[in-house]
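Asker: Chains A and B, in that order, are what the protein sequence lines are.
Counting with my numbering, you get residues 35 to 154 for the letters of the first sequence.
Counting with my numbering, you get residues 35 to 154 for the letters of the second sequence.
Hints listed in this document are in silico derivations from the structure and should not be mistaken for laboratory results.
Ideal Cβ placement from N, Cα and C applies to all residues, glycine included.
Any given hint could turn out to be false.
As the list claims (entries may be wrong) - Here are the in silico distance ranges between beta carbons for each label pair:
no. : chain 1 : residue 1 : chain 2 : residue 2 : range
1   : B       : V149      : A       : E92       : 43 to 49 angstroms
2   : B       : S139      : A       : E130      : 28 to 34 angstroms
3   : B       : E72       : A       : L82       : 34 to 40 angstroms
4   : A       : E130      : B       : T146      : 16 to 22 angstroms
Chain by chain, the residues run as shown.
Protein chains: 2
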Amino acid sequence: MAADTSSGPRSTHVLADLWGIEPAVLRDAGRIESLLREAADAARARVLAAHFHHFGGEGGVTGVLLLAESHLSIHTWPEVGLAAVDAFMCGEARAEVAVEWLRASLGGELRTHTVVRRGG
Amino acid sequence: MAADTSSGPRSTHVLADLWGIEPAVLRDAGRIESLLREAADAARARVLAAHFHHFGGEGGVTGVLLLAESHLSIHTWPEVGLAAVDAFMCGEARAEVAVEWLRASLGGELRTHTVVRRGG
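All chains, please: the whole structure from these sequences, using the hints.
Answerer: Here is the structure:
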């Protein structure tokens with residue numbers, strides 16, 4: 035039987051490219067994880083699981099927090115000072131707050147910003 | 035010293051809401067993980083880590099594959115037959131292929147589809 039598709043949970047998905055960040059920060063998986071946990075907390079999201087990976091040497095970090103409210107991810111390219119962030123949150127959690135927290139704490143410049151309403 | 039921000043790695047981020055999917059499938063974390071792994075393989079992406087969580091009972095699944103090329107995530111709402119997917123891939127990996135694989139294998143109808151070029 036097909037499910038009712040007439041309505042769904044409203045969620046917000048924010049994609050942000052942050053530029054001009056110190057390369058050393060973008061290679062530090064521990065620091066990046068701490069900042070994402072702080073951002074999730076600021077957004078009132080609850081962390082279910084975390085995984086962060088440093089590609090080694092001069093490489094970047096890729097990581098995600100799986101949330102009760104969906105997810106918060108980051109992928110970094112230290113060679114160009116870029117952090118690509120996405121925050122997908124439903125319920126009372128505030129995806130925009132998480133992204134703004136990361137922009138401020140990473141010291142980056144928000145150059146591309148996309149907000150998509152999901153599950154409408 | 036600020037990093038050079040004049041250019042960056044080109045990536046594609048695809049967001050897709052898939053509707054009309056069997057609720058039983060959307061509660062089965064093992065099956066959802068298998069389908070995402072197949073989708074990543076079809077897109078020529080390499081899995082670094084996986085985490086899938088079932089909220090229990092009639093609840094949905096939230097999960098992510100962390101990829102060498104970024105990530106592939108899913109969040110499901112069985113009560114309305116919805117799977118919200120996002121595929122963020124750089125390099126040779128094909129985010130669109132992963133999303134189309136999931137649409138076909140989940141038997142869903144693609145109702146909202148957003149493609150964002152990242153890190154341009």
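Asker: Each of the hints needs a verdict: does it hold here or not?
Answerer: Hints and how they fare:
The hinted range of 43 to 49 angstroms is not satisfied by B/V149 and A/E92, whose Cβ atoms lie roughly 30 angstroms apart. At about 33 angstroms, the CB distance of B/S139 to A/E130 agrees with the hint of 28 to 34 angstroms. The hinted window of 34 to 40 angstroms between B/E72 and A/L82 is violated, with their beta carbons roughly 24 angstroms apart. As the Cβ distance of A/E130 to B/T146 is approximately 19 angstroms, the hint placing it in 16 to 22 angstroms holds.
Hint check: violations occur at hints 1 and 3; the rest are consistent with the structure.
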